Each structure stands twice: as structure tokens, then as C-alpha cells.
Amino acid sequence: MAVTREAMLESWEQPTLWQRLTMWDVLWALLVVGGSGYAWWFYQAQMDGYEVAILFGSALALIAWGWYWKPAQMFALIVALLTLLALWRYGTDYELRKSAFLLKYFLESQAAFMWMSALYVLATVVYFAALFSRSEFVGKTATALTWSATVLGMTGLLVRWRESYLLGADIGHIPVSNLYEVFILFALITALLYLFYEDRHRTRALGGFALLAISGAVAFLLWYTFDREAHHIQPLIPALQSYWMKIHVPANFIGYGAFALAAMAGVAYLLRQRAETRRPDGLLAAVLPALELLDDVMYKAIALGFAAFTIATILGALWAAEAWGGYWSWDPKETWALIVWLNYAAWLHLRLTKGWRGVPMAWWAVIGLLVTLFAFLGVNMFLSGLHSYGTL
Amino acid sequence: MSDTITAHRPAQRRTLGWVLLEFLGSMNLAITLLVVVAVASIIGTVLQQNQPYSDYVIKFGPFWFDVFNRLGLYDVYGAGWFIAILGFLILSTSVCLYRQVPGMAREMFRFRTQVRLESLRGFHQHAEWRLPERAPAAVLAEVTGAFRAGGYRWRVRDHGDHQVAAAMKGGYQRLGYLFTHAAVVVIGIGGLLDGNLWLKLKEWRGEIAVETRELAARDVPPASRLAPGATPAFRGNIMLPEGRAANFVFLRLRDGYLVQELPFAIELRDFQVEYHATGQPKSFVSQVRIHDQEHLGDQPLDATIQVNHPLTYRGYSIYQSDFGDGGSKLELRAWPLTISRLEPLDAQGEVGSALKVSGPNGSLNLELAEFRTFNLLPEPGARPGDRKFRNFGPSIGFKLRDAAGEAREYVNYMAPVQLEDRWFFVSGVRARSGEQFTYLHIPADTKNSLDRFLHFNARLRDEEGLRALLAHAPAPTENSDVQRNLNLVRLNLVGLFIQGGFAAVTERARTVVPADRLQEATRLYLNILRDTLAEVFLEVLRAEGVNLEQGVGEREDTFFNDALSALAVLPDYGSPFYLQLTGFQQVEASGFQVAHSGAASVVYAGFALLSIGVFLLFYTSHRRLWAWVAADEDGSRLVLAGTGNRRQAEFAREFAALEATLTRRLGAPESRGSSE
Ligand code: HEM
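Those sequence lines, one after another, are chains A and B. All the letters of the first sequence, read from the start, carry residue numbers 1 to 392 under the working numbering. All the letters of the second sequence, read from the start, carry residue numbers 1 to 676 under the working numbering.
Derived by calculation from the structure, the hints in this document are not laboratory data. Note that this is a predicted model, so its numbers are computed, not measured. Glycine is no exception: its CB is placed at the ideal position from the N, C-alpha and C atoms. Take the hints with a grain of salt, since some may be wrong.
As the list claims (entries may be wrong) - Partial list, computed: chain B residues near chain A (C-beta under 10 Å):
| hint | residue |
| --- | --- |
| 1 | Thr-180 |
| 2 | Ala-182 |
| 3 | Pro-232 |
| 4 | Gln-320 |
| 5 | Gly-324 |
| 6 | Gly-598 |
| 7 | Arg-646 |
| 8 | Arg-647 |
| 9 | Ala-649 |
Claimed, not checked - Derived lysine-lysine pairs resembling DSS-like cross-links, with alpha carbons at most 25 Å apart:
| hint | chain 1 | residue 1 | chain 2 | residue 2 |
| --- | --- | --- | --- | --- |
| 10 | B | Lys-388 | B | Lys-282 |
| 11 | B | Lys-356 | B | Lys-329 |
| 12 | B | Lys-388 | A | Lys-98 |
| 13 | B | Lys-356 | A | Lys-246 |
| 14 | A | Lys-333 | B | Lys-59 |
| 15 | B | Lys-399 | B | Lys-59 |
| 16 | A | Lys-333 | A | Lys-246 |
| 17 | A | Lys-140 | A | Lys-70 |
| 18 | B | Lys-329 | A | Lys-333 |
| 19 | B | Lys-356 | B | Lys-399 |
| 20 | B | Lys-329 | B | Lys-388 |
| 21 | B | Lys-388 | A | Lys-104 |
As the list claims (entries may be wrong) - Derived DEER-like restraints, expressed as beta-carbon distance ranges:
| hint | chain 1 | residue 1 | chain 2 | residue 2 | range |
| --- | --- | --- | --- | --- | --- |
| 22 | A | Tyr-38 | B | Pro-228 | 50 to 56 Å |
| 23 | B | Arg-157 | A | Leu-373 | 50 to 56 Å |
| 24 | B | Gly-434 | A | Leu-373 | 27 to 33 Å |
| 25 | B | Val-273 | A | Trp-18 | 52 to 58 Å |
| 26 | B | Gly-434 | A | Thr-92 | 44 to 50 Å |
| 27 | B | Gly-393 | A | Gly-49 | 38 to 44 Å |
| 28 | A | Val-287 | B | Arg-664 | 49 to 55 Å |
| 29 | A | Val-359 | B | Lys-388 | 53 to 59 Å |
| 30 | A | Trp-18 | B | Pro-228 | 56 to 62 Å |
| 31 | B | Arg-254 | A | Leu-373 | 39 to 45 Å |
| 32 | A | Gly-49 | B | Arg-269 | 25 to 31 Å |
| 33 | B | Asp-516 | A | Leu-222 | 56 to 62 Å |
| 34 | B | Arg-269 | A | Thr-92 | 34 to 40 Å |
| 35 | A | Thr-92 | B | Lys-388 | 23 to 29 Å |
Please construct the entire structure, taking both the sequences and the accompanying hints into account.
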């Protein structure tokens with residue numbers, strides 16, 4: 001944590017929010033307001049009151065995100081430009097995806113996802129290479145690869161949103177409606193969370209581990225695409241035709257992404273701990289991040305995940321009250337969400353009130369991911385219930 | 001962390017109440033309960049809940065069925081022991097709140113001006129200045145100025161020989177604990193109130209009895225009926241055919257149900273399902289009319305109910321939850337398959353009703369289970385990923401139950417289905433629900449009807465007719481003795497074939513022919529059989545008036561082969577007739593869930609508390625700073641210390657910034673704590 005004393009000096013005197021904002025920040029806000037205003041103007045006929053609220057709520061969240069973490073601004077801008085480019089190329093002809101060069105090889109959602117997949121896998125390898133070679137340049141390359149993959153994946157999702165409308169006005173929907181789409185969301189959110197911590201803690205040593213989780217998701221996606229042909233855009237079943245989906249699902253995936261990151265920090269923690277006891281002067285003990293840092297990332301990620309998951313579960317309950325006739329039905333997916341939530345609540349209590357640290361908490365974070373994975377994937381595969389639209 | 005200042009409690013006497021409170025409010029119990037609830041919840045997701053009890057008996061056998069039943073595993077989340085654990089969690093959290101809140105409130109509002117120098121020096125974050133030439137008052141002003149710039153509030157206390165400025169910020173963080181844990185209690189209690197606790201209570205007091213017989217709602221005895229408002233909360237279901245109304249819903253409870261009366265009636269006027277081109281349903285829409293003399297008078301309320309768009313009326317929410325058949329009227333024709341007389345039997349029936357039919361081995365119960373106008377199924381032969389679908393048109397599903405109670409399930413499609421350029425009447429059969437259907441494909445004739453196949457089949461079962469036919473058939477041999485013998489063999493083979501398919505023929509060969517000639521003989525048998533069947537088939541064609549002068553055409557040849565395939569599986573089909581759907585009048589039914597939730601607003605208030613609480617807990621931090629100032633020789637001495645209850649790394653950075661600010665104003669400190 002090499003923060004200069006100068007930087008600290010600046011941070012003591014509490015400037016107001018306005019004093020902290022730069023020209024760019026203001027410009028950023030104007031741009032987001034303009035963009036969402038334009039979207040509202042253009043699509044207001046298709047939106048109900050809730051969706052307008054969600055649109056402007058998301059715009060505010062986007063502004064806050066950009067102010068809180070500057071790289072988000074550049075990220076969002078590039079994604080927006082690429083998406084607009086794809087939409088402009090498409091016009092109203094969905095079939096152009098097979099013929100227009102730009103779409104077919106680059107920006108059509110499927111093509112973008114393939115780029116994303118390849119880049120994430122590559123980034124994983126390069127992060128590990130950076131870890132062991134301790135080369136700053138290789139590390140920067142890995143970061144750039146991760147950013148590129150995330151940009152393309154996010155663009156792909158947004159383009160897919162539009163594509164679903166091109167396929168048929170009554171088919172169009174936000175692409176978070178099935179296991180295929182949310183797996184992409186999972187990869188993107190995990191990557192963004194990781195990139196945030198990389199930036200804040202100024203270390204890339206965790207990169208290989210975080211990207212390993214993402215590569216796992218990519219492997220599943222590829223199998224799901226090529227073996228199960230799950231990548232086709234499907235119309236929404238009536239139960240999912242609700243504005244709640246737009247907020248419930250992403251909130252859930254912030255939780256899942258954060259828990260995945262915590263688990264990977266846990267893995268790194270356990271490796272480092274072993275290395276320190278077995279071979280204190282070995283390579284692994286030297287290159288892996290410090291234990292305190294891993295511990296801190298683990299706690300922060302679980303706290304964030306817990307908060308997001310709390311909100312997501314509440315949103316789910318509110319949705320259930322509208323769609324199924326009650327805010328809680330003990331449906332398997334709901335119940336497993338509760339299990340995941342209780343599990344992390346226990347983790348947080350142990351750490352906070354009992355002061356547990358170290359190896360057991362790292363193990364628990366890793367096992368916590370398995371529980372989460374079951375809630376996310378296993379329930380769809382093995383159990384039936386009201387949530388059964390996500391089957392493999 | 002060692003820095004946290006805990007309020008010292010006066011020693012308490014260890015009464016029983018105190019021990020109990022200590023136990024209930026202990027962290028170990030809390031963590032144990034969190035894990036126990038999580039693990040117990042798993043049971044209900046692994047074992048499907050609230051299925052018909054007969055299914056469980058089949059699955060587990062009578063012994064385990066009984067054990068699991070006693071444990072309440074078929075409705076875990078309503079079982080006494082599960083509710084008790086939840087109650088324990090709520091109790092434990094309440095006790096925890098009761099014990100923690102006073103201390104937290106004190107923490108929130110009190111500036112701790114009563115600190116000793118040694119404890120400040122013991123903090124992780126501290127720094128110490130010796131400042132000649134500066135008066136304590138000036139130093140204090142300097143420090144409090146810095147506190148103000150950092151957004152801290154403070155109090156100064158004069159202890160005579162020294163002064164303490166105690167500052168803090170973010171005290172509302174403590175509310176995070178209060179909100180989160182109060183939310184757990186509130187949501188828990190609200191959820192329990194909305195659960196089936198009331199029913200359990202009434203049942204326990206003997207006020208109600210679960211009805212397990214299948215009765216019409218009006219025949220359900222008063223002991224199993226609940227008046228409106230009998231319980232504050234319920235969730236029930238009702239299936240309404242189009243054009244019908246009901247003022248009650250059924251509450252499922254264990255292996256039976258109760259009737260919950262409503263203070264109004266719901267009439268289903270129309271129900272519509274729309275489908276996407278890919279076969280997935282697109283929308284379920286019910287047009288309903290609410291009748292309520294008391295509140296609406298003679299002006300009923302018309303409304304539309306869809307999935308995700310319930311209707312709320314007088315605090316009752318009505319949801320679109322299901323759909324089905326409301327007793328469609330079917331016209332049926334049964335074609336005999338096992339006798340030589342081809343006289344069809346016409347009948348009419350409603351979906352959901354049963355007909356008595358006579359079979360070769362006693363009478364059968366024909367239960368009309370299902371009717372669909374629309375069957376969007378994967379294109380035959382398509383791979384799962386191809387996503388090609390076709391509408392196979394109307395179908396009926398029915399069961400044939402024999403006197404022993406054994407039933408086979410059938411699904412028959414009304415119109416012929418095209419497969420590889422040919423058209424077939426398709427009927428699926430299975431011995432047990434849940435199994436895959438096996439299909440009988442009866443080739444359709446040139447008039448797109450079943451006639452030709454049925455005639456062919458009937459003729460094969462007419463022994464007299466066969467004998468006569470074979471006697472006239474052109475003989476493959478001149479020798480009349482051999483001829484007579486051969487005819488006998490032919491009759492026998494046809495008989496075997498219609499009783500047991502090709503398998504019966506090869507089986508016969510195995511029993512009568514020595515092993516070394518088996519292959520040759522089987523081939524011979526099959527050839528003779530095929531020739532004979534062809535003979536009969538030609539006769540059927542002739543009777544139909546098909547011109548055979550140019551020989552048999554390719555279409556007839558294909559038909560013949562398809563007919564043989566169908567005949568060969570007919571013995572396994574198990575039904576003595578082919579049930580043809582000749583007409584229908586569809587009546588749809590829509591399933592509603594009606595919910596009345598007394599405590600939803602309580603639960604939602606809990607949700608609000610929880611959302612705010614969690615963010616306060618994680619993303620704010622209660623921070624304290626102290627400046628201890630005393631006169632020292634010709635100047636003063638300053639000790640600065642601080643602590644934060646969350647986000648330690650951030651606080652360490654913040655403290656370092658404060659230290660640096662003061663260093664700029666006062667000079668470098670003499671000693672510093674171990675800030676990171
Ligand atoms: C479903 C039940 C519960 C949930 C979801 C829950 C949740 C939480 C959360 C999220 C935290 C904050 C952890 C952190 O900041 O890292 C916390 C802290 C805490 N919990 Fe619980 N809790 C529950 C039950 C209990 C019970 C039964 C007790 C009593 C033994 C308890 C005692 C505490 C205490 C003492 C703290 C620390 C508060 C502080 O110092 O600010 N909790 N709880």
C-alpha cells in the first residue's frame with residue numbers, strides 16, 4: 001500500500017463532493033444524463049413507469065460508479081461507442097449478422113462473446129506469467145487483455161439485447177434471462193470487481209486466480225454453446241416478463257461475482273500460507289500477495305457480496321410477491337439463496353465478533369463458493385421448482 | 001481488535017434467568033443456529049415437497065414413508081421442529097439485541113473524554129508531540145481545527161493538569177447493527193405470521209380437520225371449511241373452467257385440503273394462451289369478473305389477470321398461476337383392433353370424466369385425462385440443438401384401467417402426422433406415468449383415413465375368411481397335398497404374427513427346428529408369412545376398388561411395409577381398440593392463486609431495515625480520535641490517538657493523513673504508533 005504522504009495530505013481535509021469533481025467528472029455526468037435522456041426519449045413508448053425509474057436509476061448509478069472509480073468512465077464510453085457502432089451497422093436487419101464483416105467477425109453478440117472468451121483465457125495465462133516472471137510489462141499486458149475481454153463481453157450483451165428486438169418485437173428482452181446469458185454476466189462482473197481491487201490495492205498478483213474462476217465460467221459457456229446450442233436467443237416465458245428481472249438478476253450476480261473473487265483470494269491465501277510454512281524462501285512465498293492483503297480482499301469481497309445478495313434476495317422476494325402470490329414459497333432456488341446468505345452471515349460473524357482470521361476463514365470462503373455454485377447452477381440441474389426455466 | 005473500547009459491565013449475579021439470557025444471546029449459539037437453519041433447509045430442496053402421499057409411498061416404501069411422515073419431511077418448512085429452530089433464531093437475535101443495544105447507544109452518543117494516557121499510547125494509531133514554545137490552548141485549537149476539517153465532532157474536557165479533546169464521526173454505523181438484527185427479528189416474525197401457524201393452531205385446538213376425500217367443494221363438511229377472516233393469512237388455489245365462478249379456494253395441507261371461503265366470487269369469463277413461434281407460451285391471460293353484493297352491488301368488477309400482473313381486491317391478491325382443461329367435450333370413435341368385425345363404437349365424453357368400455361378380458365375404465373388443441377413438439381429426427389418445432393395438432397390423453405386397477409396411459413393425435421414423406425396416425429403408450437411413451441404409427445391411406453389399415457387388420461383376424469382366401473389363392477405348387485399343408489402353415493403363421501408379432505414367429509421356429517437349420521428355417525417362415533400377408537393385403541386393396549392390373553404401385557408397397565411394422569407392435573399396444581378423436585369443443589380452465597397476507601407490510605418494513613442496515617454496517621465506520629494535551633516545561637505535550645471499528649486499512653490511512661497535517665503545522669512528532 002504505497003500511498004504517498006502527499007496523497008494522504010490531500011485526503012485529510014474533507015473536500016465537499018463538488019470540490020473533488022474534475023472537469024471530466026462533470027462531463028461524464030452530462031454524457032450519461034444525455035445518453036439516458038436520449039434513450040428515454042426514443043423508447044418511452046415501450047417503457048412503463050417502473051422501467052423509466054430503472055433507466056434513470058441506472059444512469060445515476062453509472063454516474064456514481066464513474067466518479068468513484070475513474071477507469072469505469074473510459075470502460076463505459078468504449079462499450080457505448082462499440083455498441084452504437086454495431087447498432088448503426090445492423091439498422092433493422094438482423095440477417096446482417098451473417099454478412100456484414102464488422103458484425104460477423106467482431107460485434108455480433110456471438111462473435112463478441114467468442115472474443116471475450118479467448119481474451120479471458122489468454123489473460124489468465126498472462127497473469128500467471130506476470131506473477132512468476134515479475135515483469136511489469138507482462139502484468140500490464142494481462143490487465144489490458146482483461147479490460148479488452150470485458151469491453152467485448154459487455155458490448156456483446158448490449159448488442160444481444162438489441163438483437164433480441166430485431167428478431168421480433170415481442171421477443172425482445174434484456175439478456176439476463178437464462179443460464180447462458182447470466183454466465184456471461186457472471187464473467188463480466190467478476191472481472192470488473194477484480195479490476196477494481198487490482199487498481200485499489202495496486203497489485204496484479206491476484207489476477208491469475210481471479211481469472212481462473214472466469215476461465216471456468218468461459219469453459220462452461222463454450223460447452224454450453226457448442227454441445228447444447230444454448231446460445232440462441234429465446235423468447236421470454238410469461239413468468240419472466242417483468243421489470244423486476246432487470247434489477248433482481250444483476251444484483252444477484254454482483255453477489256455471485258464477489259463471492260467467487262473472495263474464494264479465489266482464499267485459494268491464494270491457502271497457497272501462500274502453505275508456501276510460507278513449507279518453503280519460506282521459495283518462489284511462491286515471494287510472488288503471492290501478502291496474507292493481510294488477501295485477508296482484506298476476502299473480507300471486502302464477502303461484505304460486498306453479502307450486501308448485494310441481501311438486496312437481490314429482497315428484490316426476488318418482492319418479485320415473487322407479484323408473480324407467484326407470496327414473497328416466500330420455499331422454492332429450491334429461494335431456499336438455496338437463503339442457505340448461501342446464512343452461510344456468509346455465519347462467516348461474517350466469526351470474523352467480526354470472534355475475530356477469526358486466516359486458514360479456516362480462507363477454507364470457508366472456498367467452500368462458500370461451492371455452496372454458491374450449487375445455488376446458481378446445481379439447483380437448475382438437479383432440483384425442480386418454480387425457477388425451473390433455467391434448466392440445462 | 002485490541003483497540004476497541006468496551007464498556008465495563010458491573011458484575012452480575014448468576015441467576016437462572018441470567019444464565020439463560022447469556023446462553024440465548026451468545027455468539028456461539030447464533031452461529032450454530034445460522035448453520036443449522038441452512039442445513040435443515042436443504043432437506044426440503046432435495047425431497048420434493050407437498051406431493052401426493054401415494055407418490056411418497058411408492059418412492060420410499062411403507063416403512064420409510066411412515067418415518068419421514070412422522071418427521072414432517074413432506075412439508076419441512078411447515079414442520080413443528082423447523083418452525084421451532086426459526087423461532088430460536090429469532091429469539092436468539094432478540095436477546096442479542098436486548099443486550100447489545102444499550103451499549104451501542106452509549107457508544108453512539110458519548111464522547112469518551114475520560115481516557116487515560118497509557119491506553120491512548122497503547123493504540124495502533126497514535127502519535128506524540130513535545131512542543132516547546134506552544135501553549136496548551138493553542139495546541140488544542142490547532143488540533144480541534146484539524147478535527148473540524150476532517151468532519152469530526154468533538155468535546156473538550158478539562159481534567160485540571162491536562163485536557164482531552166474527544167472526537168468522533170460515523171456514529172450512525174452502530175445503527176447498522178441495530179437495523180440489521182432488528183430486521184431479522186421483524187422479517188422472521190412477519191414470515192411466521194404469514195405461514196401456516198394459524199392453521200396448525202386451529203388444528204391443534206380441534207377447530208378444523210383436514211379433508212382427504214375427493215369431494216366437490218359444496219360437499220366438504222363445515223369442519224374443513226374456513227370462513228373469510230378465520231386466519232389473518234392464507235394462500236389457496238382454485239381452477240375455474242370458462243364461464244364458471246367460485247367464492248372459495250382450496251388450501252393444500254399435508255395429504256389433504258381445506259376450503260377457504262372468500263367474501264366475493266371470481267368468475268372466469270375467458271382464458272387465452274398465446275404461443276411464440278418456437279412453441280414457448282407467450283402469455284396467459286384471464287378475463288375475470290368479481291361479484292360482491294356487499295361492496296359492488298349489482299355492478300360487478302371486470303378485470304384482466306396475467307402472470308406478473310395480479311389483481312388485488314379488498315386485500316386479496318389473485319394471481320394467474322396455472323391453466324388446464326375445464327372439461328372439453330370430446331367426440332370419440334373406438335375402432336376394434338383385436339376382432340374381425342370392424343364396427344366402430346361412437347361415444348362422447350368430457351375431459352376429467354370416465355367411460356366404461358368392454359374389452360376382451362372384462363370391462364375397462366376409459367379415463368379421459370387430457371385434451372390439447374396444440375402440440376408444439378421438436379421436429380422428428382431433429383437434434384436437441386436444432387430448435388425446429390412443429391405443431392402436431394389436437395391430441396387426447398387417456399388412461400385405460402382394468403378391473404385390477406392397473407392402468408396404461410395413451411396419447412392419440414387427431415390428425416395424421418407427416419414423417420419422412422408419409423402420413424401416420426400416431427398413438428403413444430406407456431405402462432407407467434413418468435416413463436417415455438412408445439409410439440404406434442398407423443399408416444394413413446390415400447383418403448387420409450385409418451380405413452385401409454383397419455380393414456387389413458380385421459381381415460387377418462378373420463380365420464374363416466383367411467381359409468377361404470388361401471384356398472383360392474394361386475398355388476405356388478401343383479401338389480395339392482403339399483398345398484393343403486402349406487395353407488395350414490400359413491394360417492398358423494398369421495395367427496402367431498397377430499398374437500405376438502415377428503418375435504412370436506421366430507420363437508416358434510426356435511422351438512420346432514433343430515439349431516443347425518434354424519437360420520434357414522426362420523428365413524423361410526418369414527418369407528411365407530410375408531407372402532401370405534401380401535395376399536391378404538391385395539385382397540383388401542381389391543375390395544377397396546384399387547386397380548391392380550399394372551401390379552402394386554410403389555405407394556401401396558410402402559403402405560404395406562408400414563402396416564406390417566404397425567401390426568408387429570400391435571400386440572404390445574395393450575388397448576383392444578384404437579380411439580379416434582372425431583370432434584371436440586374446447587373448454588379451458590384457468591388456475592388462480594388467491595393470497596391474503598396479513599403481515600406482508602411488516603416483512604417489507606423488515607426488508608427496508610435490512611437493506612439500510614447492511615450498508616451502514618459495511619460501508620461506514622465509527623471512528624474516534626483523541627487529543628490529550630498538557631502543559632510541559634515551557635510548552636506543551638500532545639498525544640493523538642484514534643480507532644475505527646470497521647475498515648481498518650482505510651482508517652490507518654486517514655490517521656496518517658491527520659498526523660501529516662499536524663506535522664505540517666506543529667513539526668514532526670516525537671514518537672509514532674505502528675501505523676501501516
Ligand atoms: C439471521 C441472523 C443474523 C444475521 C443475518 C446477521 C447479520 C450480521 C451482519 C451482516 C453483521 C456485520 C458483520 C460485519 O460487519 O462484518 C453482524 C454483526 C453482528 N452480529 Fe449478527 N446477524 C444475525 C444474527 C445474530 C445473532 C443471533 C447475534 C447474537 C448473538 C448477532 C450478533 C452480532 C454482533 C454482536 C455483531 C457485531 C456488531 C458490531 O460490532 O457492529 N447476530 N450480524
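Against the structure, the hints come out as follows:
1. Thr-180: Holds. Min distance 9 Å.
2. Ala-182: With a minimum Cβ separation of about 14 Å from chain A (threshold 10 Å), the hint on Ala-182 of chain B is violated.
3. Pro-232: At about 14 Å, which exceeds the 10 Å cut-off, the nearest Cβ of chain A leaves the hint on Pro-232 of chain B violated.
4. Gln-320: 8 Å, holds
5. Gly-324: Violated. Min distance 16 Å.
6. Gly-598: 12 Å, violated
7. Arg-646: 9 Å, holds
8. Arg-647: With a closest approach of 9 Å, the Arg-647 of chain B hint holds.
9. Ala-649: Nearest chain A Cβ about 6 Å off; hint holds.
10. B:Lys-388 with B:Lys-282: 17 Å, holds
11. B:Lys-356 with B:Lys-329: 17 Å, holds
12. B:Lys-388 with A:Lys-98: Roughly 20 Å separates the two Cα atoms, so the pair holds.
13. B:Lys-356 with A:Lys-246: Given that 25 Å is the threshold and the Cα spacing comes to 54 Å, the pair is violated.
14. A:Lys-333 with B:Lys-59: Roughly 23 Å separates the two Cα atoms, so the pair holds.
15. B:Lys-399 with B:Lys-59: Measuring from Cα to Cα gives roughly 22 Å; hence the hint holds.
16. A:Lys-333 with A:Lys-246: Since the Cα atoms of Lys-333 of chain A and Lys-246 of chain A sit roughly 18 Å apart, the hinted pair holds (cutoff 25 Å).
17. A:Lys-140 with A:Lys-70: 18 Å, holds
18. B:Lys-329 with A:Lys-333: 39 Å, violated
19. B:Lys-356 with B:Lys-399: Status holds; Cα separation ~12 Å.
20. B:Lys-329 with B:Lys-388: Answer violated: Lys-329 of chain B to Lys-388 of chain B is near 31 Å, above 25 Å.
21. B:Lys-388 with A:Lys-104: 24 Å, holds
22. A:Tyr-38 with B:Pro-228: 50 to 56 Å: 52 Å, holds
23. B:Arg-157 with A:Leu-373: 50 to 56 Å: 55 Å, holds
24. B:Gly-434 with A:Leu-373: 27 to 33 Å: Roughly 29 Å apart at Cβ, these two residues keep to the hinted range, so it holds.
25. B:Val-273 with A:Trp-18: 52 to 58 Å: Taking Cβ atoms as reference, Val-273 of chain B and Trp-18 of chain A lie about 56 Å apart, which means the hint holds.
26. B:Gly-434 with A:Thr-92: 44 to 50 Å: 47 Å, holds
27. B:Gly-393 with A:Gly-49: 38 to 44 Å: Holds: the Cβ-Cβ distance is about 42 Å, inside 38 to 44 Å.
28. A:Val-287 with B:Arg-664: 49 to 55 Å: 38 Å, violated
29. A:Val-359 with B:Lys-388: 53 to 59 Å: For Lys-388 of chain B against Val-359 of chain A, whose Cβ atoms are near 54 Å apart, the range 53 to 59 Å holds.
30. A:Trp-18 with B:Pro-228: 56 to 62 Å: Given about 58 Å between the Cβ atoms, the range holds.
31. B:Arg-254 with A:Leu-373: 39 to 45 Å: 34 Å, violated
32. A:Gly-49 with B:Arg-269: 25 to 31 Å: With Cβ atoms ~28 Å apart, the hint holds.
33. B:Asp-516 with A:Leu-222: 56 to 62 Å: With a Cβ separation near 57 Å, Asp-516 of chain B and Leu-222 of chain A satisfy 56 to 62 Å, so the hint holds.
34. B:Arg-269 with A:Thr-92: 34 to 40 Å: 39 Å, holds
35. A:Thr-92 with B:Lys-388: 23 to 29 Å: Since Thr-92 of chain A and Lys-388 of chain B have Cβ atoms about 25 Å apart, the given range 23 to 29 Å holds.
Against the hints set out earlier in the document, violations occur for numbers 2, 3, 5, 6, 13, 18, 20, 28 and 31.
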